[in-house]
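Colleague: Residue numbers (my numbering), protein chains in the order written: chain A, 1 to 561; chain B, 1 to 322; chain C, 1 to 327.
Derived from the structure by calculation, the hints contain no laboratory data.
Where is the CB? At the ideal position from N, CA and C, for every residue including glycine.
Incorrect hints may have been included.
[Stated by the list, open to error] For lysine-lysine, the following DSSO-like pairs were computed, each having C-alpha atoms within a straight-line distance of at most 30 Å:
#, chain 1, residue 1, chain 2, residue 2
1, C, K162, A, K538
2, A, K266, A, K145
3, A, K110, A, K145
4, A, K271, A, K358
5, C, K162, A, K358
6, A, K532, A, K266
[What the hints assert, rightly or not] Residues of chain C clear of chain A, computed beta-carbon distances all greater than 10 Å:
#, residue
7, G78
8, T130
9, V146
10, L177
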Amino acid sequence: METRRLVFVLGGIVVVLVLVLGGLSIAVFSGGDSDGNGGSDDGDDPEQVDLPERVEGELRLFGPEPVTLDPACASDAGSAEYMVEIFSGLVSFDRDLNMIADIAEELPTKENGGISEDGTVYTFKIRQGVKFHDNSRQVTADDFKFSIERALNPDTLSTTATVYLDDIVGAREYSRGDAEEVEGVVVVDPYTLQLTIDAPKSYFLAKLTYPTAYVVDSREVGDASCFAGAEWTLQPNGTGPFQLEEWELGQSLVLTANQNYYLDPKPSLAKVTYLLAGGSALVMYENDEIDLTGVGVNDIERIRDPNDPLNAEFTENPSLDTYYVGFNTEEPPFDDPDVRRAFAMATDRQVLAEVVLKDLVLPASGILPPGMPGFNEDLEGLEFDPDAARELLDDAGGPGALGDIELLSSGRGASVGPIIEALVAMWEENLGVTVEVNQEEFGLFLRDLDEGNYQMFDLGWIADYVDPQNFLDIKFHSESANNETNYASDEVDALLEEARTEQDEAARLELYQQAEEMIVNDAPWVPLYHGKSNALVKPYVQDYLIAPFVIANLRYVSLTQ
Amino acid sequence: MNYYEVTGGRLEADVAEARPSFLFLRRLARRRLALVGLVVIVVIYGAGLLAPVAAPYSFTETDFGNTFAGPSLEHPFGTDRLGRDLLSRVMWAAQTTVIVSFAAIITGGLVLGVSLGLLSGYAGGRVDNVIMRVGDAFFGLPDILLLLLITATVRPRVDNFFDKFDDWPVLGGLIDSGLPDYVLVFGALALFGWVGMARIVRSQVLSLRETDYVMAARAAGARTPRILFRHLLPNVSNIIIVALTFSLGAMAGTEIALTWLGIGIQPPHPSFGTMIFDASGLSNLRNHPNLMMVPAITVALLLFAFNLVGDALNDVLSPRRR
Amino acid sequence: MQGLASYIIQRLLWAPVILLVVSMATFALGRYGPGDPVQILQGQYRDPEVRERIAEELGYNDGFFQQYWRYMSNFLQGDMGTSLTYQGQPVEDVIFPRLWVTIQYNFVALVLVFAIGLPVGIFAAMRQGTWQDPLLISIFLFFASVPVLVTIPVAQWLFALKLGWLPSGGWETRDILGVEIGLLDKRAIMPIVILTLPGVAGVARYMRAQVLEVLGEDYVRTARAKGLTEFTVVSRHIARNALLPLVTLMGFALVGLLGGSIFLETLLGIPGIGSYAFEAVFNRDYDGIMAIVLITSTAFIIANLLVDITYAFVDPRIRLGGGVGAQ
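With the rest of the complex left out, here is chain A (with noise of 0.2 Å):
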């Protein structure tokens, strides 16, 4: 008896193992089938690990993963770069960061009429014959009203709808749910469609480039909101560029082409994959597992090196953020314009930018980035000076009379990385400041910071639409929501709500020069650097453009082979 049970159980063991160790030596055996027999005469060369079956046409990249597909929701880059080249509004950027007309048939301008005088009424005239990805259907003004009604509608309980659209008539009260409707959008016929807003705001058509005003069908999205029901975005029907074919959540997403697309150029690309999971991305490009990949530091120099056969794949371009250290300006010993000038010239952005970073980023003077309208050239804010900035420390009553110093950073993980590290030990040496470093996970940071409850920290803000106001009216005015640093000056104030309404371009970029100098000179921020973005790119890859920020970028691509 017992005998027999040893024998079943043995049995059992020796059955397992023989099942799976056999399975094993298939997946090797199969896995060696599918390269095309190409595995055993080239094992040390790295370029011929076992290839994917590639499609013609098809662009392989390594992607983040999208927190949400729902336009309405959108509010991280990761999330908006899907985004962009599923769906499509009303206005957008083109690579060269002009706006052009996108859904809307022409860019509206008081010229045309589009604009009324008084610059708060936008008339918007839709293209004809645009289709939804299903192709059942043309794009109205009625779904332009949907999508925007829907973003702000409270039901949705989106995060950010009103951040990009609440400068429109109505929005406010709508998305408390006080009003039927969104008074300002106003459906004139199928093909016109009238935005209203509370002021003359020249940057008002640069937030509708967002995903949160783009359209969105009304058949699909159903009672769908931000938190629940999202299983639509797995297979949405959109108007951009690019049609979602798959999502296979932590693993990968496909784009192919919208053979109706209206804009030119039409997407070349037949194919997209972005794989969402992966090991190392320069590896996998490398191995010629995907087409593209960015570049980090540790890499940077070996690529940079021009004997490195990567050399000639490597392209970069500045992109439109800054990094910067914030003070809380309210409380001591940060209310005092000295000392955080004092940080700010003790600061070696040089050194940061060169040493730490290896050249990937450009050290910055300002706020605005490079390329953005309106960045300062000739701006030389608070330079390198530490003997100046001692001075000023010790006439603001020396290291001593500052207290206990901590700096709040964001991050999980066991290091708070180079750039920190590097940033402490200047100020140690410069200005014989020992600071502290309190990281704590995103979540907290952002209360945080929400609560006042911070002497500095260190963050980037990256443009979601190109135009100054997006930097410095977000960052500085007294009354902004995003200002954390709660710096408050009238005569800044001033300027950038004159710089609101002022309907002339170069007054325009002029007024927020003179607000910049005076917001780099009284030092809220210590401006660190600007990124730049930076990829390899495989040669067959062409007209590939690194954007400075996340717009519809797909469609200019092209592959030759």
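Once you've looked at the hints, dock chains B and C against the given chain A.
Modeller: Showing chains B and C alone in chain A's frame:
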């Protein structure tokens, strides 16, 4: 951290056969591998303890003119991306490991495991049942996930609480050194870690309980605590020695895993976890291998040494296996 | 066998109690810890008014028991809520494909650990006293000593970069009779190897100890005198005594699935349950965290029970519950 460390299953298997013996030190000395292991432990722990006086540089001293330097006379292990001396940082990291190991033992997976195991085995019946079922529950939880959650949610409150005492003379210094963090993290770890130890001790006690001398002690009117600590504890001490050795090693490994998850050591104090985290990733390893290999090899040696010593102890403490 | 039945019933009665406590603790940790998922989704855009409205709408402002009850009653009806990591997607759609990925490679690694560990242990014991025994055991002890966070990048460097044999990470599946299988792809090899190597030492040392013990027994000498080979005797004894604890080990190894897979999946980019768990905590993905904890705890309770029953089934002499001398 592989599953055997996580579950403690390996430990259970290793020490289940241990038997009392008093000659183990001499027997241990006969094992050359174990001796080598002991030397390695002493060297690394010694370097850590002496770091404040012996380290050639401070762990924060940067030199932007000399980053990513290879080994040289001034910097035997080279420098990192900020020009900091790797040898000094490794020594300070070893100190962190020493502190962490003791914090872990003080806070207690071991203490908790041994006492609950003793109690469970001796009392039997309902007490045993409750302890073991509670143990099952803790054993079955996704510990790393909950640890992440506990530290993410509880630690900010603990920190806020202790910040109030920041200016107190002695306490303030302890708080600045991050001790409350260690205690919290390893306290949470102990919550999940006591079960394996308790099971081993319990099974050992079960077999000792009915032996003559325990019976005799009970008949003579000895009270329960006395029987537990005077009669039973010494007889399970071999198991404890072996378990202690393995868990000291495991703690050094755990520190790396926890730090990598962002719930262990906070900067700027270097630890093996932060150093490996900073240097991990394929492109780092490819372009600056010494940044990764210096701390990795040191910590691997330390863990290996603990395993060798533990293994040897396990053998010599079990008379049947000499 | 009557004792067995009542034992199983007793254990089954404990299960819901354990799950209740665990789920409440997890729920409380999430809801009462600092960090607000809506704020995380809003990111750098501050709009407290909108944030408050959404939190109210999602029920985050309700009482603890009300929220807990709502979640659990939905859960028991098969609705695990919606993810915040994948905003708006049902948790069950996120979690089950990922769980399946993790189970695949972990199961193979587990089997390999035993398939290598058992013979290594027996061999080492047979060679006790020679140089082969300590060398063999030390090699595997060394693998067990290297932290997995070091092993992973080194393995990537070796296999993907130097040798070019394997991709540096990721996970590819093939559709086989409607089931997505990832084991048939080269990408599965690296995680399996990384999980297997450090595990072998534990099993091998355990096996070695068992065999050594048998070799010392009187009946082995007797059997040998009777002309039976050493191998026959040893394997019979091992079958009888050593396999039971191995079953335990295997069962408990299941629990470790999640812990180990967090690192492996995050670094190798494998879309399994571990990488999701990691993201979920940082995103305060309340429903996702709850689902992971409930599923893994339930799985463990069942595995634990099965192990104990197997124990009792294979060797009825083992007394259950109180152990030796239970009152």
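Colleague: Taking the hints in turn, state whether each one holds.
Modeller: Evaluated hints:
1. C:K162 with A:K538: At roughly 21 Å apart (the allowed maximum being 30 Å), A:K538 and C:K162 satisfy the hint.
2. A:K266 with A:K145: The hint holds at about 27 Å.
3. A:K110 with A:K145: Given pair A:K110, A:K145 holds - Cα atoms ~23 Å apart, limit 30 Å.
4. A:K271 with A:K358: Roughly 35 Å separates the two Cα atoms, so the pair is violated.
5. C:K162 with A:K358: holds, 25 Å
6. A:K532 with A:K266: holds, 28 Å
7. G78: Holds: least Cβ distance 16 Å, greater than 10 Å.
8. T130: holds, 28 Å
9. V146: Non-interface label stands for C:V146: nearest chain A Cβ at 18 Å, farther than 10 Å.
10. L177: holds, 14 Å
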